[in-house]
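Participant: Sequence:
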Amino acid sequence: MTTTTTTMEAFRTSTAAVAQASKSGIFTGDGGGDEKACANCGATQDLLRCSRCHQAWFCSVKCQKAYWPFHRSQCRRNDFADSIEAVEPKFASWMRKHGKIAVLKDDEVDRLERANKATTGKSREQVMESMYGKADPKPLPPSYTAEDLRKMRENKEQLALKCRKILTVTDKVWSQIKVPKDLGLDCGEYKWSQSQAYVEIFVKLPVMTASRRVEVRMEPTFMAITINGGDVVMQGDLYREIKQDESTWFINDGILEICLLKRYRRGLTYMKGETNANTYWYSIFKDAKEDQMLQLKFPPTSYYNTEWQIEEVPEEYKQQTRRRIGYGGKSKDEKKS
-8 MTTTTTTMEA
2 FRTSTAAVAQ
12 ASKSGIFTGD
22 GGGDEKACAN
32 CGATQDLLRC
42 SRCHQAWFCS
52 VKCQKAYWPF
62 HRSQCRRNDF
72 ADSIEAVEPK
82 FASWMRKHGK
92 IAVLKDDEVD
102 RLERANKATT
112 GKSREQVMES
122 MYGKADPKPL
132 PPSYTAEDLR
142 KMRENKEQLA
152 LKCRKILTVT
162 DKVWSQIKVP
172 KDLGLDCGEY
182 KWSQSQAYVE
192 IFVKLPVMTA
202 SRRVEVRMEP
212 TFMAITINGG
222 DVVMQGDLYR
232 EIKQDESTWF
242 INDGILEICL
252 LKRYRRGLTY
262 MKGETNANTY
272 WYSIFKDAKE
282 DQMLQLKFPP
292 TSYYNTEWQI
302 EEVPEEYKQQ
312 TRRRIGYGGK
322 SKDEKKS
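Residue numbers are given in the numbering used here: position 146 of the sequence shown equals residue 137, and the series is strictly consecutive.
Bear in mind the hints are in silico, worked out from the structure with no lab data behind them. Each hint should be verified, as a subset may be incorrect.
Claimed, not checked - Below are the PhoX-like pairs computed for lysine-lysine, each with C-alpha atoms no more than 25 Å apart in a straight line:
| hint | residue 1 | residue 2 |
| --- | --- | --- |
| 1 | K195 | K169 |
| 2 | K169 | K182 |
| 3 | K88 | K27 |
| 4 | K288 | K277 |
| 5 | K263 | K182 |
| 6 | K280 | K172 |
| 7 | K172 | K288 |
| 8 | K182 | K172 |
| 9 | K142 | K153 |
| 10 | K163 | K182 |
| 11 | K263 | K288 |
| 12 | K56 | K88 |
| 13 | K27 | K81 |
| 14 | K195 | K280 |
| 15 | K172 | K195 |
| 16 | K88 | K182 |
| 17 | K153 | K195 |
| 18 | K153 | K163 |
| 19 | K142 | K182 |
| 20 | K263 | K277 |
| 21 | K53 | K169 |
| 22 | K288 | K169 |
| 23 | K153 | K88 |
| 24 | K182 | K280 |
| 25 | K277 | K195 |
| 26 | K263 | K234 |
| 27 | K172 | K153 |
| 28 | K142 | K163 |
| 29 | K172 | K88 |
| 30 | K142 | K172 |
| 31 | K277 | K182 |
| 32 | K27 | K169 |
Unchecked claim - Estimated spans, in silico, between C-beta atoms of each pair:
| hint | residue 1 | residue 2 | range |
| --- | --- | --- | --- |
| 33 | A151 | M262 | 47 to 57 Å |
| 34 | G179 | L152 | 26 to 36 Å |
| 35 | P211 | Y135 | 38 to 48 Å |
| 36 | P197 | A34 | 50 to 60 Å |
| 37 | L152 | C250 | 25 to 35 Å |
| 38 | T136 | D73 | 30 to 40 Å |
| 39 | R208 | C32 | 56 to 66 Å |
| 40 | A34 | S64 | 37 to 47 Å |
Remember, it's a predicted structure, so these values are computed and weren't measured experimentally. Virtual Cβ for every residue (Gly too), placed ideally from N, Cα, C.
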C-alpha cells in the first residue's frame, strides 16, 4: 500500500507540473518551436500534416508515400489527444510528441483510488471506462452464466467431433481413389479417369456441404458444378461431346462422383474420318491448364484394353450388317441368283 501511495503522489506532482507548463505556454503546437518542414524532402511551403499521428508534415502525397516505410513505425493514432485538441491544441501536440496516451488529473486519481478501496458501488474498471470510454472505446466483455458456458462448451465439442468424423471418412475415401497411369489425372481439387466408354470425375466437396446444395449441370459439350446456389466449383466446355441423358452423378461420403458417357466411342460410332484413338480424352475441359492435361502425344496401349460398351441398335440394322459382312454386300437371294 505504501508503494502505491508513493507512486500516486509522484504522479500527482508530475500531473500538476504538466498542467502548470501548459498554462505558462511551454507546450507549442509545432513541437517546441521547431520550424515545420516536409519529412521527406525538407520543403517548407504548402505543408500538410499526417492525419493519423498529427506529427509529421509533407509537401505532397507523393512525398508522403515515398517516406511511409520510414514513418510507419512512428505513426500512431492518439485518441486522447484527438479528443482534447479542440480545446487544448498545445497540450495535445505535447502528448503526441512525448508518446503520452493519457494524463490523469488529481481529482481523477483520487476518484480511481476511492473506487479501488470501496467495497460497494462501481469498480475501478467501471470508473475508468466512464472517464475514458470516448477517448479509447472498448467493447464490454460478454456476460454469461455458468450454465450458458457449459452448454456452449458442449455444443463446441459436439461440432468438433462431428467435423473430425466427416473429415476422417472423406479423407479416407479420397485417398483410396486411384487414377490409372495415363488414363486420367489427380488435379488436386478433383481426380478423373477414363475408359473407352466413360469418363469418371471425383470432386472433394467442402466439409458439411449438404447434397441439396450441390448442382451439376450437364450438356452435350458443357458441364458446371456449383454449390450453395452459385459458388462455382468447376465449369467449362468439355474436351469431347457426351451423351447427356445417359451421364449420371451422385454424392457419397462427401465426394461428388460424375460418370460421363462418351458420345463417340468404341462399340457405337466415330466421327467421320476419326478412329478409336480420337475418343481418348487428354483433359476434362478444352481450356484446361497445362497441369490438368495429360502430356501425351498418343493414347497409351492400356487405353485400348479398358472397358467399352456395345450400343444397342435396331435388329434391322444388325441384319443388314450381317449380310454385308457374310455375303460381300449382297443379300442371300442375290447370292443364290
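Participant: Checking against the hints above, which ones are violated?
Facilitator: Numbers 5, 16, 19, 21, 23, 27, 28, 29, 30, 32, 35, 40 - these are the hints that the structure violates, sorted from lowest upward.
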